[in-house]
Amino acid sequence: MVPGLKDIAGIMARDGSLTFGGGGPTTVALEKALVHKHGWLPRPRFRLAYALSRLTPGTNVFAFCTALGWQMRGFAGALIALAGASLPCSAVTVAITILLEWWRDDPRAAVAIQVAAAVAIGLVAASCWPLLRPHLRGSSWVRTAALLAGAIALQVLDVPPLRVLLAAGVVGALWREPAP
Amino acid sequence: MNVVVLYFVLLKATVSAFSGLGALPVVRDELVTNRRVITDAQMNTALVAGRVSPGPIGMYIVSIGYFTAGVPGAIAAWLALITPAVIVIPILRYLGARADHPVARDALNAIVIASVGLTLAVLLPLAATSVTGPLTGAAALAGFAYVLHGSKESARQ
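As they're listed, the protein sequences go chains G and X. Sequence positions in the first sequence follow the numbering used here and run 1 to 180. Sequence positions in the second sequence follow the numbering used here and run 1001 to 1157.
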């Protein structure tokens, strides 16, 4: 089934733009809506968009939503998805910036902000799980653990993220995932 | 500050970064150190706004745009944030057609796994500054449980 542009805009505004916690929770929310609920994209195409958006400079989530829109409805879908995913959260960010300026010296606001930031940490940490889960079956976990540990180590050593991801791609092509 | 100049300054920062906070060093260097159009305090407030706002972590750029030139600055920042995203279309057109090959599929899966590693590596220092007591610990756990519950439900469907 092919979604309408309005449908894409609605899903992107709700799940792509107004999900808290950044890219991870947004990915989970979009997969739930586009793959599981509406069936507009098969899971491999969804994951392809995710992987390639990580190789795109700039904000990965916006590239991801653009790629999803492109796969569903071509160029118009890409533009609608990008606008839907970026406009609502931008407006909210400006509103929050204004509020933070007003509340700068209010200790209660400082506590609320600290709690919101902590919730965001939990959201991001948990959103890693659905991305890893398919690669932990059988003996695949060894390869997954090695790739994960390698990426963390390279990031700690200040290797640019793009190089880490390209290196992972090369390793992944050479060290194939065992068949389930 | 002229919003067109602001757009190109922020575009330079966003296009040279591959993660939410990756643009931060360029933004600070250009707007705080060189041009002195915002202060470090405003930069910190923008970072907080980016973290408590919905959407990507990189939304702090919009907040910085607002501090620099008001609403027109926020619009320039929004444009600088979304411009690089269209680069994914040629990448998708070229690599998408080859993605069904088993070797390409395994390479892409490895990129997904490595991207999780990068996220976790960035998350640890953020967690150290955000989760500082029982209240924030409980808040982080609540966020964790919320997403995990949602993903289990989604996997069942």
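Please keep in mind that the hints were generated in silico from the structure rather than gathered at the bench. We put the beta carbon where it would ideally sit given N, CA and C, even for glycine. Some clues are possibly wrong.
Covered by chain X, per the in silico footprint, the following chain G stretches (three or more residues, Cβ under 8 Å) [stated by the list, open to error]:
no., region
1, 3-12
2, 46-52
3, 71-79
4, 84-94
5, 102-110
6, 118-130
7, 164-174
Hints, one by one, checked against the model:
| no. | hint | verdict |
| --- | --- | --- |
| 1 | 3-12 | violated (count 0) |
| 2 | 46-52 | holds (count 6) |
| 3 | 71-79 | holds (count 3) |
| 4 | 84-94 | holds (count 9) |
| 5 | 102-110 | violated (count 1) |
| 6 | 118-130 | holds (count 13) |
| 7 | 164-174 | holds (count 9) |
Of the hints listed earlier, those the structure fails to meet are numbers 1 and 5, in rising order.
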